Amino acid sequence: MDFKALKWQLIRVALTRRMILGSLCFVLALVIVSFTRISRMAFEIRTNEPIFENFDKCSLDLNLFRFSNMKNLTRGVIEELINKEMISLDSRTLSIGEGSDSDLLTLRELGITNAFRISSIFQNQIDHELDFKTNYFDFIMCRIYHKVPIPPLLVLETERVLKPGGISAMLVRFSAFNMGSLVRSATPVSLLLRRSEILHVCGIGSFALIVFKKRLDNVEFFKYYKLPNECSSISKNKPYMQHIEPPMDQNFNEVSYLPKFMNISSSNS
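Add 3 to a position in the sequence shown, counting from 1, and you land on the number used in this note's numbering.
Treat the hints with caution; some may be incorrect.
What the hints assert, rightly or not - With a cut-off of at most 30 Å between alpha-carbon atoms, the simulated DSS-like pairs for lysine-lysine come out as follows:
1) Lys239 / Lys216
2) Lys136 / Lys239
3) Lys87 / Lys241
4) Lys241 / Lys150
5) Lys150 / Lys239
6) Lys150 / Lys136
7) Lys136 / Lys241
8) Lys87 / Lys136
Unchecked claim - Here are the simulated distance ranges between beta carbons:
9) Ile153 / Asp104: 22 to 30 Å
10) Leu195 / Val16: 34 to 42 Å
11) Leu159 / Ser91: 49 to 57 Å
Derived from the structure by calculation, the hints contain no laboratory data. Fair warning: this is a prediction, and the values are worked out from it, not measured in the lab. Every residue gets a Cβ at the ideal spot worked out from N, C-alpha and C, and that includes glycine.
Just need the whole structure built from these sequences, with the hints factored in.
Structure (structure tokens):
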């Protein structure tokens, strides 16, 4: 009996050892797979970053030094977007966040009278849908991305009330994760945009200015498309217009290509 008990005890010890070794191998395999996926994701992110290489330099013609104290930011952005014909003076605009009152005055000084605002005193209450209908604004300026309780909801609501083809400029504060990197600062916003594309990303002090445009995906949104003041084909063909033949004279007589036949049967009778 003692020999059988010793035998079963040795078997149990061996099985326990194998189970422990198997569990350790399983945990080690999970760790290796996790690190492999993380490294693969990091590699994909690094390989995708060249798409945003143009954002390392601000493509907007802004005097960034005068915006170090966040003054006249709206004026500079609006003037540049008007110069690039991205917005017009009859655009319906919305300003969200701190300084929305002064933004409203600046917009009216620039000739944009159809402007609305959401004052900074309500910034802690922007945790629900904006009180505007869908596809309502041509331009939206937002400064409180880093101050609202739910920043993703603010981005989604901004995109919702923006017209197809409309422009939005959003300020995002640099965090410890994306300090000094315009690509990383634009990533949280770009991942939330469903029907928009980022056009410009500029560093202004401790903020990143992100400008995006809502796409014209469907034919039903064609009514929101605004034709330019002057058609590009006309401006390109102006130098050749003088070489075009003049229009035909209205008094020009048409040439008859058929002879005048005589009715012989009637003459013989």
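Right, here's what the structure says about each hint:
no. : hint                        : in the structure
1   : Lys239 / Lys216             : holds (26 Å)
2   : Lys136 / Lys239             : violated (39 Å)
3   : Lys87 / Lys241              : holds (22 Å)
4   : Lys241 / Lys150             : violated (51 Å)
5   : Lys150 / Lys239             : violated (47 Å)
6   : Lys150 / Lys136             : holds (24 Å)
7   : Lys136 / Lys241             : violated (42 Å)
8   : Lys87 / Lys136              : holds (27 Å)
9   : Ile153 / Asp104: 22 to 30 Å : holds (24 Å)
10  : Leu195 / Val16: 34 to 42 Å  : violated (56 Å)
11  : Leu159 / Ser91: 49 to 57 Å  : violated (26 Å)
In this structure, the hints that do not hold are numbers 2, 4, 5, 7, 10 and 11, in rising order.
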